[in-house]
Every structure is written in C-alpha cells, then in structure tokens.
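There are 4 protein chains.
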Amino acid sequence: MAGSSFGTIFKLSTFGESHGIAIGGVIDGVPANLELDFEVIQSELDKRKPGQSAIVTQRKESDKVQFLSGIFEGKTTGAPIGFIIPNENQKSNDYAHLKEAFRPSHADFTYQEKFGIRDYKGGGRSSARETASRVVAGAIAKQMLQSVGVRFSTYVDQIGKIQLNSADFYQSELIESNIIRCPDAQVAAEMEELIRTVRKDGDTIGGAIRCVIENVPIGLGEPVFDKLHAELGKAMLSINAVKGFEIGSGFEALTMRGSEHNDLFNTDGTTKTNHSGGIQGGISNGMPISFRVAFKPVATLMQSQESITIQGEAIELEGKGRHDACVVPRAVPIVEAMAAITILDFYLRNKSIHL
Amino acid sequence: MAGSSFGTIFKLSTFGESHGIAIGGVIDGVPANLELDFEVIQSELDKRKPGQSAIVTQRKESDKVQFLSGIFEGKTTGAPIGFIIPNENQKSNDYAHLKEAFRPSHADFTYQEKFGIRDYKGGGRSSARETASRVVAGAIAKQMLQSVGVRFSTYVDQIGKIQLNSADFYQSELIESNIIRCPDAQVAAEMEELIRTVRKDGDTIGGAIRCVIENVPIGLGEPVFDKLHAELGKAMLSINAVKGFEIGSGFEALTMRGSEHNDLFNTDGTTKTNHSGGIQGGISNGMPISFRVAFKPVATLMQSQESITIQGEAIELEGKGRHDACVVPRAVPIVEAMAAITILDFYLRNKSIHL
Amino acid sequence: MAGSSFGTIFKLSTFGESHGIAIGGVIDGVPANLELDFEVIQSELDKRKPGQSAIVTQRKESDKVQFLSGIFEGKTTGAPIGFIIPNENQKSNDYAHLKEAFRPSHADFTYQEKFGIRDYKGGGRSSARETASRVVAGAIAKQMLQSVGVRFSTYVDQIGKIQLNSADFYQSELIESNIIRCPDAQVAAEMEELIRTVRKDGDTIGGAIRCVIENVPIGLGEPVFDKLHAELGKAMLSINAVKGFEIGSGFEALTMRGSEHNDLFNTDGTTKTNHSGGIQGGISNGMPISFRVAFKPVATLMQSQESITIQGEAIELEGKGRHDACVVPRAVPIVEAMAAITILDFYLRNKSIHL
Amino acid sequence: MAGSSFGTIFKLSTFGESHGIAIGGVIDGVPANLELDFEVIQSELDKRKPGQSAIVTQRKESDKVQFLSGIFEGKTTGAPIGFIIPNENQKSNDYAHLKEAFRPSHADFTYQEKFGIRDYKGGGRSSARETASRVVAGAIAKQMLQSVGVRFSTYVDQIGKIQLNSADFYQSELIESNIIRCPDAQVAAEMEELIRTVRKDGDTIGGAIRCVIENVPIGLGEPVFDKLHAELGKAMLSINAVKGFEIGSGFEALTMRGSEHNDLFNTDGTTKTNHSGGIQGGISNGMPISFRVAFKPVATLMQSQESITIQGEAIELEGKGRHDACVVPRAVPIVEAMAAITILDFYLRNKSIHL
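Protein chains in written order, with our numbering: chain A, 121 to 475; chain B, 121 to 475; chain C, 121 to 475; chain D, 121 to 475.
If you're looking for bench data, these hints aren't it; they were derived computationally from the structure. Any given hint could turn out to be false.
Which copy is meant is left open, because identical chains are indistinguishable; a pair holds if it fits in one copy or across any two.
Calculated lysine-lysine pairs in the DSSO-like style (CA-CA distance at most 27 Å, straight line) [as the list claims (entries may be wrong)]:
id, residue 1, residue 2
1, K167, K195
2, K392, K281
3, K195, K471
4, K281, K471
5, K392, K440
6, K219, K392
7, K219, K195
8, K471, K440
9, K281, K167
10, K184, K392
11, K167, K471
12, K167, K440
13, K180, K471
Bear in mind that the values here come from a model prediction, so they are computed numbers and not experimental data.
Between the sequences and the hints, there should be enough to build the whole structure, so can you do that?
Shown next, in the form of structure tokens:
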C-alpha cells in the first residue's frame, strides 16, 4: 500500500527515480489566491542540489523546477500544483555494476525483496534525489507561513563529535555564510576540516541538524495521535539517513527531575524555560519549536567493501562515483522543507476546530 | 481536524476522558476469522493500570475491558471491534482546584487556547488514561502477529542516569520479574532505589524504554514517507511524555564513520552488525528491529509550584493527589502496544504490493 | 481493508451488530464549544426506531443513546464523541434457523464468502440497525448546520408507482403529520393503503426519498473527485437497500436539450431554474440542493422462498419474524442524517481553502 | 481541503488545467512487477480525445501520455507512476471573452466564489480535459484486472429518448464498430441521427452509459460505508456532467415487489436473476456488476444565451468555439476507466481481510 504522500490538507505526493526521466510531485490542498515567488523556490532547491561546494558530490544536476498547473498569473488557484524536475544525469552505465549487487546499508536488498524488482540506477526510488520534490513543496509552504509570521532557522548542529553549543534562532544569512551551514564560523571551520579528513580516507561521517521555528500560532497539533511533534518526528524520520529525532529537551530529559524540567509560566502564558520545545500535550504553545535530527554517515564509501549479489554470492564492491562524504549540510533545506510542510498542514487543520 | 485515529488498514480510533463515563475505541480493519485470548488482553491492560505496585500511583481503576462488537463465538468477524473501559474513579471534586489553573508542562494551557473549552478533570482528553485503549488494540495486534511468528521484547532501558548496558531481546518473564520492568535485576534494583528517592522528594524522574522485535518479515514499510521507522517514531512520539525516538544506532550514529556504521551482509542476506536497527530504506530487512524511546519526568509534582490561572494571575499550585514519581515502568505495555499496532498495520499494507 | 468510517474532518466510525451487546460509534473532528440538545438527538433516533407505527416492524428496541465522551457540561470539547446504543433485543434463538441458510438478496452469502465467518443473528453487521449510529451523528451535524442557517427537508417521494408530484421544501411538521412521512396527506394515504395491501400479501415494496437542503453556503465541494454530489451519492448508496441516486434533474436530464437544461443566471448569481440541483462543477452554488434516493423492496418476505444452505443444498425458507413491508418511511431520518454529515464535513473542509 | 485523489490503495492524484502546460497524475500503490502494454494505454486515451469523429469537438489534441517514473524495463516497480499529457492547444485568446463572464450551468461561478480566483481558459481545472488522466490510470488498472480475468463492457445505452433495450455484456469490437459506441447498429444510427439534428440546432443532448463487468471475484467491497456500489457511484458522479447513478434494478426497483425483486439462488451460489447488479450488502457476489450513468446535455451551446459577468451585469453570451453536441460517446472510456480504478482498488483492499 502506497506511502508516497505526506500531509492531510496540504498534501504532497512525490514520484520519480534517481535516474529516470524526471522526478516531481503534486501538491493538493494549496490555499488559493496567494502570490508565489518562484525565484525563492528555485533558490531553496539550489541549496540542496549537488555540486554546490567542494565538499559535496560533484554530480551535475541543474535541478530546475517546472510548474505545470495550479498557478494562474502568478497566483495559486486552489487547484493542485503539479511540478517536475527533469533528470539531466541519466548515464546509466555508471550503475551497471550494481545491477546484481546489494550495497551495504542501502535499500537495495529490501527493495528487491519487497517488490521483486528494482530500479538499480543510483538507488532508483530510494535515492535521496526524491527529496528535491519535498524542497519544492516546502518552499511553497514556507512562503505561505511567512505571510502569517512563522519563521524558520535550520542549521547544522553537529558533525561527528563537533557540536555547536547553542540552540538559538539564527538568521539565514549567518547560516548560509559557510558551506557547512553552521551559524558559528569557528565551529563550522572545525566541521569542514573533519569532513575533509574523512573524505580523504574515502570514508563518511554523520551529524545532526537543529530546527527552530518562531511565531508558530498557539493551538497547532491534533491530539491524541497526530500530536505536532509526533508528525514532525515522522516527517524527519522519513528523510533518507535519519536515525533519531528529539523535541525540546529530548534525550536529555531522561536525566532531569520534574522540578527542573517543568516550564513555569509567566503571567502572559509564555514560559520561563522551554524544555517542552514549544509543544505541550502535542499542541504548540507559542514558544519556539525546537527539535534535533540525527543523520547517520552516508552508506556509499570511496573504499572497497565486502557485499553480496542477488544470488547470495560474496563480492567486493569498489568505491567509485561521485558521492558526499557528509550529507548533513545539504540536508538542511530538506529538514526545513519537511518542517514547513508539517506546520502548514497543521495550520490548515486547525481551521476546522471551530464551526 | 481530527487526530484520534492511528493506522491505515488496522486502524484504531480512541475516545474518552480521564474522568468521563468510559474510555474506549473502535478497531477497524481487523483480519477475520481469528481466535482471541481475552485473558491475555486483560493481562496486558493490568500491566498498565494504576496501583499495581508500591512505586506507582494508587488511583483505583480495575480497567476491565468490555468488547461490544466484531467478535462472534470467540473469533473476529472482520467487522469493527468496539470496546469500552468504564471509568470507576470519577471523583470530580479532586479536581475543582484545577478548574481555573494551568499546571506547568501539562496540556491545560494549550487545550484551553486551542478549543476554547476543556475538561479539566484529571487532564480530560490529554490524560495518559487514553493509552489504555491503545493497550487493548495492541494486545489484539500482538496476538495476531504472534501467530505469524513476530515476537516483542520491551523493557526499561534507563531511569535517570542509570542505564542498562545491553540491547538484547529479553524474555517477558525476565522483564516482568521486577516492578521496574528492567531485565537486569541488579540494574532494576538501582532504578527502584532512585525512584523511591525521587518520590520522597516529591519529585519525578524520566527514563527510556527499548523495544526489540524479532522475526519481522522482510519487506514491511512503505517508501518514501511511510517508512517503517518513521511511523514507529510517530507512534512513540504520540505517547504522553515522550520527547525522543531513535532507531538502531540512533544518535550514536552521529559520531560514527560510514566504514564502522555500515552493516555488512552475510551471504544469506542477514547482516553482521545491526546499526540499521532492522530497517533499511524504510523497509524491514529481517534483522531485529530495535528502537529506544525517551520519556520526560512526570509534570505533576508532590511539591508546590508557581503557576497561573486562566485569567493570567500568578498562583501557587499545591502538590496533591495520587501520582507516579516515574511512569516509565507503566509505559512499557504502551510502547509495546503501539509497536504492535504499527507492525501489524504494515504487515497488512504489504499484502497489496503484488496483485 | 476497513470501510467503517465516513467523512474526512467530521468523521464517523461505527461499530456493532444487530444482536450484539451494543451498537455505537465515534465521531472525531467535532467542532468545539458548541451546545448540544440531547432531546433533539434522541427524537431523531425515535423516528428511525422499530415499532413506531402499525406499518413497520414490531421489534422492540428503545434505542436510547448514551454519550461517553467529548461533551463537557453540555458542550462539545473538540475531543471525539463516543456513544453507544445498547441492544435490548438479543433473542438469538429467533435466528437459529438462519445459521446455515443464505437468505435471497441479503448479504448472508457475500459476508460468508468474504470473511469466512459471519454473525448470522439478524444479519449481524449487515443489518440496517447499524444506521441508528448514523442518525446520532447526523443529528449532531444537523444541529451544528442549523446554527449557520442550513435547513433540511426530507420526505417520501414515491412508494411503488405512487409518486408525489413536487420537489418543494416542506416543513418538518407537515412531513411528520403522517406515518408515511409524505408531505401530501392525500398521496400519503394512497401510499399507506398500498403498503397495507403489500403487507397482507406477505410481500414488500420499494420507494424513493427526496432531500432538499436550503441555505447551503456557496462553495462547498472539492474538485475533482470529491464533488459535493459525488460524496452525497456515496453517502446515500451506502445506506442499506439503496439502488439509485440522482441530483437535480437526474435521469430526466437524459431527454432534455442543453437549451432547456441550462440554468440561466439572475444578476444576483441565483439561477432562474435549478436543474443543477444546487451544485455546479461539484460545488454548491447557493440554490437548494435537491436529490432523490431509490430504495429496493425489503428482501425479507413473510412468504416462503427457495434458497440454499452454506453447503449448497436447496432449502425452503419460511417467512417469519417481525419485519417491515416497506422501510422507506423509516429511512427518512437516515437519508437526512447522511446528508447532514456530508454537508457539515464539506463545510469544515472548505475552511482551509484560504490561508 | 483537497479532493484531487481517488482510491485508497491504488490511488490516483490528478493535476492540470484545460489550457495549462500539461495535465497529468500520480498513481501510487501500483502492484509491482507487472508488464504494461503502452500501446493499449494510448489507444484508450485515443477513444476519449477530441476530434476523433465528425460528431465531436474538433479541438486538436494529440493526447500523448508520457510516463516519468515507476516503470523499469517495461514493468511496474511498485513506485508511484508519474505521467503527463502535454496540452498542445493553449490558444488563450479564444477565451478572453470569458474572463469576466459566467457561463450558465458551468463551474465558472462556483469556482470564482469558492477560490476567489479562477483560471478561466477553457474552464481551467473544471474542464473535462482532466478526465484524460483518469483514462491513463484506468487503462493501467484494466490491464491488471484483465490478468486476473475481470472483463469490462461499457457502451452508450441511451441518447435523448432513444434507448437500447438490453443490458448484455457486449464485446469491445461491437461497441467500437460505430462512432456512438452503442452495440446495436440500428439503435446507434438513430442516436447519431439525433445528435446531428441537435447539433444543427446549435443545441446539445444528454444520454446514459451502461457498464457491465464480468468475472469480478466474490468478496469485493468494504461495509458499511465503502460498499462497492457506493464507491462506484461516487466514481461516476465525480465525472463531469453526470447527474445520476443506478446499480442493478436501480430506479425500477421502486415499483417492484420483494417477491419479484429478490434474486433466488442456484445451488452453486449464482442467482437466477440479477436485480442486485452483482452486489449484495455492498460486496460483489460473483454475478455481473451492472450499472447505468446519466449524463446531462453539454452546457456549452452554439446558440447565444443570457448570462452575467463577475460584476453581476447581464450579458449575452455568443455560442462559438469547438464543442460537442453530445459527450456521451466520448465518456465511455472515462466511465470504464473509473470503474476499473474502483474495482482494482477494492481488489487490493480485499487482500488484507485475512492475516
């Protein structure tokens, strides 16, 4: 049963494989009569695309989005927005050696077993290339949310053991001031150094992204299953390579006592601390929403690895191709896109709470 | 817009407030013609209920489930199973002092703001009492999964800073051999000691639960949004007091290199390590599924706390009533129930992959 | 895969069998902070219940609804409303003769074949008794819609060949002034006479119900699949014994030319005729919504009929028990309930069209 | 809230406007590893396209579908199938006169009122052009169903008052042997004559389509709301210009007695008559499914008509452009496509009835 849609009112359905003709999506439930800035949408896509800096994969994709419907004279009409991003890089020969092979910690084995068939070129449907469609939808969602005051700050919080010691809301300019997308230049430099070292070893490294969202209206989130942070968690865990999610105090809450952890109220309804991460009982409380997402190291190595074929024979997989030593900086726009889609969906869901 | 349902094929809808007439639910999409063991279902509920040991709340609820439909001569008919659990404890006077007050880090404020009205008795709909309905559905799901070989091991992994140093699959007998539900008697004793200390202080403490699931068929999970671990993450994050979720290596993956983290294959398709936690590309790979869930300390303290009223006046909230110093042991059956509902739902979803 | 829920925002899930412990439902997505008139809800149920007049089945059911949740101090809280209607009539011996038999034009055969098991008592889940739960939800929906001005007029339009020659909006008092629920006393008398004749023969007869809805706001309905009349059609066709649905001109449109059929505009946006039945392009246009629903004759006869057993042996089924010669008058509140649920759902769906 | 998706497991989402860049869709939940015949898909589209005979609109569209994803080496992969049909006819000047006008019995008024904006070119999203995407998905569904033996026979049953007096299953060759798609050559000729007469008058005429489906497995349909004929009814009523739907005996059931209407069993479980139309209790019983769909006359006339502008001023609309005097022959592949999508979806839904 299909799982290619996300959202209930603002609903994105994506399609497309890494080396197919095009990837794309349909966004249904788009609020009507709103003007879109297409340059901003494209610039979000550019943040995710390969080849943007020395430390990422040099695969060439211009990643130009084409809108096919749902927009009339620059405005949304309420009809579904269909869009495609053509794949320019369809050199299928690069992947002939993977036709019969299962790459370790990739989805090759599970797709083959589940579907009985798989598009092995560049990971096919399991490729993170699919997330470009999410960035398009997220960029639209973000524009709509900005018009009601919601603001996002998403940045690299950790690479390997190097961590930023702050969970503040940083301006986009600061985040984009270095190729790591870490708002502290000093920490960013250390992270970059680590990635370069790992890359030289033909190895990869994981990291974490923090997302802080300000000005979220009070009341978003639908108990008891569709709690706001539950859906944010699902949104993040659906991104390739994500292994963990925590909201507010997160795993640190384990070691805290209730008397430390409780967020006491100011008389205006704000709280003195924000261990809740902006959400109480699954509903936004007006404080900044803050969560952290853990990414594992990329599975594709520039080293040879032992593996097996479809027939179960042991083989040696060589490391070749154009790959990222660390995807975390490129994942920043994806995390922000999924957060924006989720928040906008709950914003729209909240409209039917009262008659 | 409503959020009281979970699952797509095996679908649970719950209703009911902490101090209303009854809580309950409807399970739709139940596979037909299967025999149910009602004693086992009740025994799962008993694991969650209050008053079961010296360290938990002494609120008296017998928590007897009554099935109203969907079962004929002991077997499921494929029709929806409706059930209720009557609330015996409806002493509403206990809560008169909360009518106008917002308790810190509870959902009082957000429910009032969102809905413009709230059932303040015992937290109303936001009370963890609702999770009893999940345990009923989970117990049914677990019986069905057991008949196809799937087995669960869910236990307390951490209380405060005291952590079990193992992620093994433990037998239920071992887990149930102490009131903490930690399979290591020595560690459990330390945890119990910690909870008693915290309780004496009128304070509370958080913890973590690990769930290990064996024999999950290969192929469960629906790319790209409904990845198996994304839905498991949502399931867990929808449980009261949960602040974090990690699958397999989880947040530890941050500091690992790809060459360490990759799970190399054996020639039979199993893997030599299991950092993936039994899921690759969002699809189960046949290895044990292993995840960890973080619970914050309970927000209700037996200490007085500063707070505010609906009118925004500062007040002093006294600590009274019957409350848990640590909910983590009682949350074990809830985590297992939500895991079972999720796995069964994906098991049924997977049936339509082929014509 | 389950089919026991209806609606997307205002969502009803029902459960329960004809002769089980209770039937009931959960309504999720109920707008918050609205007062309910419980006597009105019960009186709607009374219109549907058996034994209300000489021409309907004399099965005794008091059909008292009990609300379990979602209501606090007489008002909706936004939490799901759970409710049950206990079955008083559980004399299962009445149905022992049907354990092995398939009744013609009932669902006995298809349920047995689909599920491999069936609750044969009184038709089990396939009994029209389930529709009592729809009447409860519909009565709630209707109250909410009334508060925004929407009004319903639902009545018997045809029994056998006797038809009312009008599609007007009639007041409830007129409709309820006779046991047929036909607003023209003369026509109603003829219909009653026909039903009595058919009944004496141990036979049954079909009929049609018309529903006219005034003051529906312009703009309800979601292209392209969830057109307002498409969902109304589904709602009606999901009612037991319904064989046809037509909106506005309906099947008469077949023989009309476009120049006759087109509804020309007045300058205020209303139309001079209403062949569209209040819906254009799937969206309400502010004119009265008007549709007609065809019911087949009841399948249970007071005559003996040839049939077969589960084993495929020919048998003679005797006509016995307490049954309706014509269900159409009792189906009036069901049609109105499903219409109200549908309209309210679209009313709420329309709230997210604009940011 | 969005309504551009149909189906639960085999799920089609469409996008696109009449005169936009392209229309298209995404089909999610496609069973994996099945070979597709692309020529057959295109030939279904050709049956729907304009300009195919003298009696239909002469708008030029080659309607060539391009598949973008979900297919690998000619087989489905289980990933979503994205496809587009470029619009060749984008002469927007044709529609400048409609920018400010509302056409009678079109969706111009309701779209403008609902969304506050509308793409007025050729009806934008409300145009029947959207149904081409349904035909693509239906052609895929039909191929899959054919592989399990299900066969469709869909034909014109009535134009104006001229009706075919048979509800048989006709072979495709017979149906396609004339431009009316009526399997009786004599009746077809009368229908064609009528359409030509109406056309000469600058007028339009309605009609009905019958669909007969053989070899549907017993057991499809999900009580109580998702009855097979309820979903078929919704599918049909979602097609442009449809005003009515009836299953089996349909509106004729009104005048029948139960003793006539009941379908008595043969000892093999088949029935002697088929007033039920192949569905009992909402579940297929193995007999041919037979339903009829009523289409109103096309609203666009080649005559001048009175109408109003957005500002509420009375205007005279001239009849010009390229339009159908009767859409019913071109609607045959649309009806069949929606039927196939519905049946396949229920076929897949039925797979999870048993564990």
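Evaluated hints:
Taking the closest pair of Cα atoms, K167 and K195 come within 27 Å of each other only inside a single copy of the chain (24 Å); across copies the shortest separation is 34 Å, beyond that limit. Taking CA atoms no more than 27 Å apart as the test, K392 paired with K281 passes between copies only; the shortest distance there is 25 Å, against 30 Å inside one copy. In the homo-oligomer, the alpha carbons of K195 and K471 lie at most 27 Å apart both inside one protomer (22 Å) and across protomers (19 Å), since each shortest distance falls under that limit. For the identical chains of this complex, K281 and K471 are neighbours neither inside a copy (43 Å) nor across copies (42 Å), given an alpha-carbon limit of 27 Å.
Taking the shortest alpha-carbon separations for K392 and K440, only the inter-copy value of 23 Å comes in at or below 27 Å, while the best intra-copy value is 52 Å. Taking identical chains as interchangeable, the C-alpha atoms of K219 and K392 lie at most 27 Å apart only when they sit on different chains, with a minimum of 23 Å there against 57 Å within one chain. Within a single copy, K219 and K195 get their C-alpha atoms only as close as 44 Å, which misses the 27 Å cut-off; across copies the closest is 16 Å, which meets it. In this homomeric assembly, K471 and K440 never come within 27 Å of each other (Cα to Cα): the closest approach is 51 Å inside a single copy and 37 Å across copies.
Taking identical chains as interchangeable, the C-alpha atoms of K281 and K167 lie at most 27 Å apart only when both belong to the same chain, with a minimum of 24 Å there against 40 Å between chains. For a Cα distance limit of 27 Å, the shortest separation of K184 from K392 qualifies neither inside one copy, at 45 Å, nor across copies, at 41 Å. Proximity of K167 to K471 under the C-alpha cut-off of 27 Å is found in neither arrangement, the shortest distances being 32 Å within a copy and 34 Å between copies. Proximity of K167 and K440 under a CA criterion of 27 Å is satisfied intra-copy only: 24 Å inside one chain copy versus 49 Å between copies.
With identical chains, the CA atoms of K180 and K471 are never at most 27 Å apart, being 43 Å at best within one copy and 39 Å at best between copies.
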